[in-house]
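Enquirer: The chain contents come next:
Protein chains: 2
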Amino acid sequence: MLTLYDYLDSGNGYKARLLLNQLGLPYTGVELDIDKGETRTAAFLRKNPNGRVPTLELEDGTFLSESDAILFYLAEGTPFLPEGRLGRAQALQWMFFEQYSHEPYVATPRYIMRHLPADHPRRAELPMRRERGHQALAVMETHLSAQDWFAGGRYSIADIALYAYTHVADEAGIDLAPYPALGRWLARVAARPGHIPITRG
Amino acid sequence: MLTLYDYLDSGNGYKARLLLNQLGLPYTGVELDIDKGETRTAAFLRKNPNGRVPTLELEDGTFLSESDAILFYLAEGTPFLPEGRLGRAQALQWMFFEQYSHEPYVATPRYIMRHLPADHPRRAELPMRRERGHQALAVMETHLSAQDWFAGGRYSIADIALYAYTHVADEAGIDLAPYPALGRWLARVAARPGHIPITRG
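Protein chains in written order, with our numbering: chain E, 1 to 201; chain R, 1 to 201.
Just chain E, same shape as in the assembly (with noise of 0.2 Å):
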């Protein structure tokens, strides 16, 4: 069986728990505490050196980490994938896109509102990563205006990499009012068959 290391409040580790669900594929899911330390461990850091969830084991014993790699060994071979090189290619493209234009921007402002005082030091961040995550979601909502998912003309993992923290961006302080498009395609990726909530509780 498959063993996802995994954190609930990462946006990061439910894509790959709503995609698990979605294939209907069963796994063994093991908490850790970010805050904690609990993924910088040395037990840990053999799984993944990079000190990181989610991280997926494999049957063989074969650690895989970095959301969206998961998201794409997970998919291979399953309506997920986009089918064709350039669909495979422009999943990726968002992918990539939400790995560097739109996760710093979104997910890390939420992390410091949720996780750090709020005296802390980081909250002077929040502006600039704000004002980045609003650029991401306006290249977002371009697409959107013009296409119903991002990639091979229906839903597919690109969609879940950016579902998962632009549907929470409100708990970084980031209006998602000014987004319809991007709006009505949160709306159709939680209508999916087998959408779960960020958190099981």
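No wet-lab data here; the hints were simulated from the structure. Treat the hints with caution; some may be incorrect.
For the chain E half of the interface with chain R, some residues (derived, Cβ under 8 Å), not all of them [to be verified]:
hint, residue
1, TYR7
2, PHE44
3, LEU64
4, SER65
5, PHE72
6, TYR73
7, LEU86
8, GLN93
9, GLN99
Okay, the calculated bits of chain R under chain E, using three or more residues with CB under 8 Å as the criterion [as the list claims (entries may be wrong)]:
hint, region
10, 58 to 70
11, 139 to 151
12, 159 to 166
For glycine and all other residues, C-beta sits at the position ideal for the given N, C-alpha and C.
Starting from the known structure of chain E, arrange chain R on it as the hints suggest.
Expert: Chain R only, in chain E's frame:
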């Protein structure tokens, strides 16, 4: 013919240039000067709404962005993409690592040092960025102490993605001397057939 919108000092652009050369694929290069805002014009934003190079224009006029998605697209069906589902996922794992945990901490300080004036306030970011750059290089060193290549047991797009900014880390003020296995890997990459340096000149 393919058209590559590029900037010669960009390691992200170099990834595409290097693989195109190693594949023997002819292309038209269009140089855009980031410092002059040439990637943020209305005309270019119609090609890539995220306003970044490299962007690859395919024969049919489709635009593909994100350097590592371009690598994946070009490598499909060639020996530069690892065979097998796990090999492909492991290549992507390292490519997402590159964009999230390496590029902002090796490429960005290089950009600050080469493109911003000596009294620019962003110089204050250099110590934090270099520290995290060293963390990324240490993760690479751990891997390379046990294996010659990053994925699939041979030279692949994962090596190209990580080589691009690692081999010029000195230009970011990051010393590679503490990473001997990484140094040997850099030499192996530079010895591959069809290798070219980061700038044409």
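Enquirer: Indicate, hint by hint, whether the structure satisfies it.
Expert: Hint check results:
| no. | hint | result |
| --- | --- | --- |
| 1 | TYR7 | 16 Å, violated |
| 2 | PHE44 | 13 Å, violated |
| 3 | LEU64 | 6 Å, holds |
| 4 | SER65 | 6 Å, holds |
| 5 | PHE72 | 5 Å, holds |
| 6 | TYR73 | 4 Å, holds |
| 7 | LEU86 | 7 Å, holds |
| 8 | GLN93 | 4 Å, holds |
| 9 | GLN99 | 5 Å, holds |
| 10 | 58 to 70 | holds (count 9) |
| 11 | 139 to 151 | holds (count 3) |
| 12 | 159 to 166 | violated (count 0) |
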